[in-house]
Amino acid sequence: MKKALLTVIALVAALAAAMLPGARAEAKELLGAGATFPFPYYSKLFDTYNQEKGVKVNYQAIGSGGGIQQLKAKTVDFGGTDDFMKDKEMAEAGAPILHIPTCLGAVVITYNVPGDPAIKLTPSLIVDIFLGRIEKWNDKRILDVNPGAQLPDMNIATVHRSDGSGTTAIFSDYLSTVSAEWKERVGAGKSLNWPNGLGAKGNPGVAGLVKQVPGAIGYVELIYAVQNKMPYADVKNKSGVFIKPSMKSVTAAAGVAIPDDTRVSIVNTAAKDGYPISGFTWLVFYKEQNYAGRSKEKATDLANLMGWILHEGQQLAEGLDYAPLPAEAVKKAEAILKSATYDGASIVQ
Amino acid sequence: MIKVSFDSIFKTVLKAVGVLMLLLLAGIFVTLVIDSLPAMKAAGFAFFTGTTWDPVFKEYGSLVFLVGTLLTSFLALAISLPFSLAIAIFLGEYFRSGLVSSFLKSAIELMAGIPSVIFGMWGLFVLVPLVRQVEMQFGVAPYGIGILTASLILAVMIIPYSASISSDVVNLVPADLKEAALSLGATRYEMIKKVVLPSARSGIFAGVLLSLGRAIGETMAVTMVIGNANILPTSIFSPANTMASIIANEFAEATDAVYISCLIEVGLLLMMVTLVISMIGRYIMHRMKI
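Protein chains in written order, with the working numbering: chain A, 4 to 352; chain B, 82 to 371.
None of the hints are false.
Below, a list of computed lysine-lysine pairs in the DSS-like style, where the Cα atoms sit at most 27 Å apart:
hint: 1; chain 1: B; residue 1: 139; chain 2: A; residue 2: 186
hint: 2; chain 1: A; residue 1: 89; chain 2: B; residue 2: 139
hint: 3; chain 1: B; residue 1: 122; chain 2: A; residue 2: 91
hint: 4; chain 1: B; residue 1: 139; chain 2: A; residue 2: 91
These are computed hints drawn from the structure, not numbers from a lab.
From just these sequences and the hints, can you work out the full model?
The following block contains the structure:
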């Protein structure tokens, strides 16, 4: 039923797009759907691309899960996801799927403590706060890490995302990586069985609730926190350094060995200057582009768009507070793009 | 001749529309049942009794959401009833026409048309701090969001529905009945209490039932203020979750087949609950009609 629903949504979207004045059958258009987190970046990207290359890209931000479903249903040319497809999902797709990373995202821990003190957190503190084991802001363990900080005798209220989201996926992936107990009790995923705390919908929901409830702590996308001038904590990374989340430290987090298919989680990065709660976001599409009666022209358009995102597109990222890809990831992505085929022949040389 | 054939065409069209509505309802029901079969197979009866909703470890129990939905809806109904009854008597008995009445009537209609997300926003920014003050007085965790806040928002949202139907019904109470009561020396209050309300109660109950249906299905405003905690509530200040809200929150990002199916089964459960409540309501309404 979900698939049918999504198909209907995509059809309506496609119809609406087709009915726009000037859009004729020969007008070049690509259809994509998926992750909401990079949507502002993609909007800017696709708008610029349309102006420069005359190819219209219609991207529907319906969520990563929806994007993958749509791709599998072959109603879109590409999907967008914050959480790379697992081997099982890849097998279900019927044919090989390629992942092209487009930029990096990070999850920051935001809080509402009177006086807005700068707070540093270690992985074990984050785990114990979200498990409900540390209940007060002036807990000795928090004070030990933050000597001199004015922390009140106030209850901690944890706030999490109530809707399934890539943000929760990255955050819980991190917690599962640094804590065996978290992995066993709660695990990682887009929706979790939270042991306590309050749930709120979307980044704005979490941000709103944290601002509303004194003593609250929650997690949001870095970009969202930056643009809304929210306080966020420095987090101790694997090398033992407290890292301030920023575009630079997020890009640095990807400065580790990346596998050839770029399907990798970079949480708890080994990079010394890297912020540990970071992750790639990807566009996904079928490796063999001759399916469901697609033309070679369309396949070429798609490949050109991906190539453009990997180069010209990266310069647009920073202006919008998205962390651009490190050079190594771009190199790997180029190789992936070259492996895309139409009728078995490479699309880009 | 032409008149007769037009009449029969009109009748056929009406019939077709009626049948179509039934087919639509049956279609929705059948689709929900078919799509929740994998969930029924995987979770079985534990789906209705389980209190753990864990998509990571694939354990799906929906009792928490059922309790959340029923608790918020009935609490909202209890809060809204005195207000909607007062409005109904005010508009149906005391100020049947005139400036005050038409102003109040349009205000109520306007309120029914406000999108629920606006109520949610208002709840989050105005009601939540107030509830937090109350919670601090009671010494419970001062979140400000939870069942009480959600019920208050729902109450405000459903008042227009029950109030407008009830005032129409109060308006319809035959004048000779009321005059008879007054001629026997009843005061206006006695007349309302002993004549107007008893003869209008079935209609008032219908309005209440309609508003309850709205409360059960409300999603957006509730999800913004209920706290979305998938834990059985321990008091009316606890954060909780409802059936409509869990579907809205998790459906878009659900990828696993059983997980999606479980969310659809929650939808089926929601439909059944609405059905059962409306059937009970109809029965009570039937009994009330003397």
